[in-house]
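There are 2 protein chains.
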Amino acid sequence: MTHTGDRHHAGFKERTRVADARDALRDAVDAHGRTERAPLTEADGRTLAATVTAERNVPHYDRAAMDGYAVRAEDTFGASDRSPAVLDRYEADEDATVGPGEAVRVHTGSALPEGADAVVMIEQVEEVGREVEVFTALAEGKNVGDVGEDVEAGQHLYDPGHRLRPSDLGMLRSVGVDEVEVYQPPEVAVIPTGEELVEAGETPDPGEVVETNGLTVSRFVERWGGEARYRDVVTDDEDKLREALERDRDADVLVTTGGSSVGERDLIPEVVDELGEVLVHGVALKPGHPVALGVVDGTPVVMLPGYPVACIINAVQFLRPALKWAGGMSVPDFPSTQATLTRKIPSEPGVRTFARVQVSEEEGETVAEPVRTSGSGILSSVALADGWVQVPEESEGIAEGKTVTVEKWEELP
Amino acid sequence: MTHTGDRHHAGFKERTRVADARDALRDAVDAHGRTERAPLTEADGRTLAATVTAERNVPHYDRAAMDGYAVRAEDTFGASDRSPAVLDRYEADEDATVGPGEAVRVHTGSALPEGADAVVMIEQVEEVGREVEVFTALAEGKNVGDVGEDVEAGQHLYDPGHRLRPSDLGMLRSVGVDEVEVYQPPEVAVIPTGEELVEAGETPDPGEVVETNGLTVSRFVERWGGEARYRDVVTDDEDKLREALERDRDADVLVTTGGSSVGERDLIPEVVDELGEVLVHGVALKPGHPVALGVVDGTPVVMLPGYPVACIINAVQFLRPALKWAGGMSVPDFPSTQATLTRKIPSEPGVRTFARVQVSEEEGETVAEPVRTSGSGILSSVALADGWVQVPEESEGIAEGKTVTVEKWEELP
Numbered sequence: 172m173t174h175t176g177d178r179h180h181a182g183f184k185e186r187t188r189v190a191d192a193r194d195a196l197r198d199a200v201d202a203h204g205r206t207e208r209a210p211l212t213e214a215d216g217r218t219l220a221a222t223v224t225a226e227r228n229v230p231h232y233d234r235a236a237m238d239g240y241a242v243r244a245e246d247t248f249g250a251s252d253r254s255p256a257v258l259d260r261y262e263a264d265e266d267a268t269v270g271p272g273e274a275v276r277v278h279t280g281s282a283l284p285e286g287a288d289a290v291v292m293i294e295q296v297e298e299v300g301r302e303v304e305v306f307t308a309l310a311e312g313k314n315v316g317d318v319g320e321d322v323e324a325g326q327h328l329y330d331p332g333h334r335l336r337p338s339d340l341g342m343l344r345s346v347g348v349d350e351v352e353v354y355q356p357p358e359v360a361v362i363p364t365g366e367e368l369v370e371a372g373e374t375p376d377p378g379e380v381v382e383t384n385g386l387t388v389s390r391f392v393e394r395w396g397g398e399a400r401y402r403d404v405v406t407d408d409e410d411k412l413r414e415a416l417e418r419d420r421d422a423d424v425l426v427t428t429g430g431s432s433v434g435e436r437d438l439i440p441e442v443v444d445e446l447g448e449v450l451v452h453g454v455a456l457k458p459g460h461p462v463a464l465g466v467v468d469g470t471p472v473v474m475l476p477g478y479p480v481a482c483i484i485n486a487v488q489f490l491r492p493a494l495k496w497a498g499g500m501s502v503p504d505f506p507s508t509q510a511t512l513t514r515k516i517p518s519e520p521g522v523r524t525f526a527r528v529q530v531s532e533e534e535g536e537t538v539a540e541p542v543r544t545s546g547s548g549i550l551s552s553v554a555l556a557d558g559w560v561q562v563p564e565e566s567e568g569i570a571e572g573k574t575v576t577v578e579k580w581e582e583l584p
Numbered sequence: 172m173t174h175t176g177d178r179h180h181a182g183f184k185e186r187t188r189v190a191d192a193r194d195a196l197r198d199a200v201d202a203h204g205r206t207e208r209a210p211l212t213e214a215d216g217r218t219l220a221a222t223v224t225a226e227r228n229v230p231h232y233d234r235a236a237m238d239g240y241a242v243r244a245e246d247t248f249g250a251s252d253r254s255p256a257v258l259d260r261y262e263a264d265e266d267a268t269v270g271p272g273e274a275v276r277v278h279t280g281s282a283l284p285e286g287a288d289a290v291v292m293i294e295q296v297e298e299v300g301r302e303v304e305v306f307t308a309l310a311e312g313k314n315v316g317d318v319g320e321d322v323e324a325g326q327h328l329y330d331p332g333h334r335l336r337p338s339d340l341g342m343l344r345s346v347g348v349d350e351v352e353v354y355q356p357p358e359v360a361v362i363p364t365g366e367e368l369v370e371a372g373e374t375p376d377p378g379e380v381v382e383t384n385g386l387t388v389s390r391f392v393e394r395w396g397g398e399a400r401y402r403d404v405v406t407d408d409e410d411k412l413r414e415a416l417e418r419d420r421d422a423d424v425l426v427t428t429g430g431s432s433v434g435e436r437d438l439i440p441e442v443v444d445e446l447g448e449v450l451v452h453g454v455a456l457k458p459g460h461p462v463a464l465g466v467v468d469g470t471p472v473v474m475l476p477g478y479p480v481a482c483i484i485n486a487v488q489f490l491r492p493a494l495k496w497a498g499g500m501s502v503p504d505f506p507s508t509q510a511t512l513t514r515k516i517p518s519e520p521g522v523r524t525f526a527r528v529q530v531s532e533e534e535g536e537t538v539a540e541p542v543r544t545s546g547s548g549i550l551s552s553v554a555l556a557d558g559w560v561q562v563p564e565e566s567e568g569i570a571e572g573k574t575v576t577v578e579k580w581e582e583l584p
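One line per chain: the protein sequences are L and Y, in this order. All the letters of the first sequence, read from the start, carry residue numbers 172 to 584 under the working numbering. All the letters of the second sequence, read from the start, carry residue numbers 172 to 584 under the working numbering.
Hints in this document: simulated from the structure, not taken from any laboratory. It cannot be assumed that every hint is accurate.
Straight-line Cα separation of at most 30 Å, DSSO-like style, residue types lysine-lysine; simulated pairs [said to hold, decoys possible]:
#	chain 1	residue 1	chain 2	residue 2
1	Y	Lys515	L	Lys313
2	L	Lys515	Y	Lys313
3	Y	Lys579	L	Lys579
4	L	Lys573	Y	Lys573
5	L	Lys313	Y	Lys184
Interface residues of chain Y toward chain L, partial, derived using beta-carbon atoms under 8 Å [said to hold, decoys possible]:
#	residue
6	Leu211
7	Asp215
8	Val380
Don't be surprised by glycine CBs; every beta carbon is placed ideally from N, CA and C.
Required output: the full structure, derived from the provided sequences and hints.
Shown next, in the form of structure tokens:
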């Protein structure tokens, strides 16, 4: 049996392993390094571009850790249930000081009045007229929160690359930080290609398909912390593809969808090779091996295949880290769930397989059911699945009944 | 031993179990029901307000599932490696039809030319001049994707309450849906209270604290899909608190921070009780039992305690579901990780304990280390933790070495 064409039916001679392809991409991506100041109210989900240290102590004053009376500890020495210490009782007052034999009313969080060095809990006293009976002996510092006990001024809090969360913002404000240096979101140009594609709103004729990959990928880009430039469809024409790539040369990452294989209409790797360099073409993953990775003038180019499932898998494997690296961000693990596999997932040795699964509870057990389709074009199988199970290269599949990790790709970050 | 005050040191007579408190809140929250149309490009993360069905078939035409030649299957009957069927070869053409004895070149995704009922893979033919030799017998329908094979027009796709993800958007566009009916985000008024609080940017004196709870809670509200009205600090004064609650009576959920316990400065439950009804005051959870839940004129009021850690725990347990219910959304589980506990977490029977943990990898194992502090005021212990472990009411704690589920509260959704 022979082939009719030369390149376009030859397939890929060699497929790069996922980890190696990712390493090649890693070497090609530099952090853009553009930063800006963000007030805390607008900093949730942003990525720190600088180390943050505390600008003040928390607490910034010696404070009462309980409701009760501020006293001098030595005045309570020897006090007990049967033999209370009797002190003069004063209400709280901003300028209150505690002299020998005196007790000033304090609430949790109050500043410890001058002269006091301990707080007796309200439950351990009895108020009698203008005096207060203290039924316990206190050590110096008892029920007092010292300056800097929670956080000390100058203390290192966060490293660059940290993605800010709501409680981080509260924390930062409490230590006197009101704005932070964060990375600007990386700019990602998303360019859908293919002569069969029509724009949204048009009714496709037979042989035509509405553009969906660019839409999905651009929404992923935003979820991952990038800014998507979602471009119009470009047809399979070398000049037009070249123009499209040139137009977005100022982007931090270029992404194309479609035309990344080795068929006669798969022109993008050629165009990228001419403008720059193709680093990887064809990866040992399934479904979705016809992906290509390249670089043009220092800008990484992720060439995603046109089949929707293949497109998503490769976007997650390659575009997401490229975007994170370009934006100075860390690449956090996806949220995941442990589940018991209800059916074998087959896999070819040497290939990393990604299987869509539906997760449900059955008799108190979390189970993952592989979605019944092997097609890389069946978008509904992704949209109706809950997550993904990876089968590593060393393995020939995962047996029914095994515990697997289901990655939830559609959830942040 | 007696108490100096009456109410403010009496503590809570009874504490409601977390699940019961949540049920009481559930009964008090109605979905606001306000919807809007959103184009797909702006619908990521939004919640569907209506059932969605496919508006067209996918594929919407009979398509070639492989690169190769479209043929009449019957013309290949009996063909084999040694005895190929020989057909007249035609290039693809929009108006191509396949007559008896003819083969037309097609690519994956091409419309199947009229007359054809099968596609032979390019690897199974040889092109010889104006003819093509087919080395295999094809059944009718072989390598043909039928109309509606992936999704049929009219097919039910999503239920109301579904939170849209990037691949859902691609899917929806492919089935001819260009905009969707979604719920408007619920409006959540976040009102920080406490006479000790100063606004951001001010330098706190001894005894004063910068407002942080409202900032953290309002950022959580946005992550959970709500729209936060982050209000200025209100001091501990019944009239001012009443005014503040009245001002936001049009909100879908009211949230206060601070003043929710039973001390003399804890006025909010009283004010809510006067304007409406307090459903729950004091919950059997730790740290953070002094939470209150109420309802004013049909609007739920979540009264969070002022200690930062207690505030966050209760926001997650009560505000999050209230907001989701008000917005017509489902309440998805948090992302979680399984880990081995490095140290016992103690817990009181009858109380649900929430322990902050740091998660790390140790010798290939994921371990969860409880953060060494029991204080409910220590915000740094949250900000520097990775997640939370729950100890249920039935349990007296979780032993070292047990496998626990670490919930990552700070991550969406």
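Do the hints match the structure? See the list:
1. Y:Lys515 with L:Lys313: holds (27 Å)
2. L:Lys515 with Y:Lys313: Holds, at roughly 26 Å.
3. Y:Lys579 with L:Lys579: holds (14 Å)
4. L:Lys573 with Y:Lys573: Given pair Lys573 (chain L), Lys573 (chain Y) holds - Cα atoms ~20 Å apart, limit 30 Å.
5. L:Lys313 with Y:Lys184: Holds, at roughly 27 Å.
6. Leu211: At about 6 Å, which falls below the 8 Å cut-off, the nearest Cβ of chain L leaves the hint on Leu211 (chain Y) intact, so it holds.
7. Asp215: At 4 Å from the nearest chain L Cβ, Asp215 (chain Y) passes the 8 Å test, so the hint holds.
8. Val380: Hint on Val380 (chain Y): holds, closest Cβ of chain L at ~7 Å, below 8 Å.
When the structure is compared with the earlier hints, no violation turns up for any of them.
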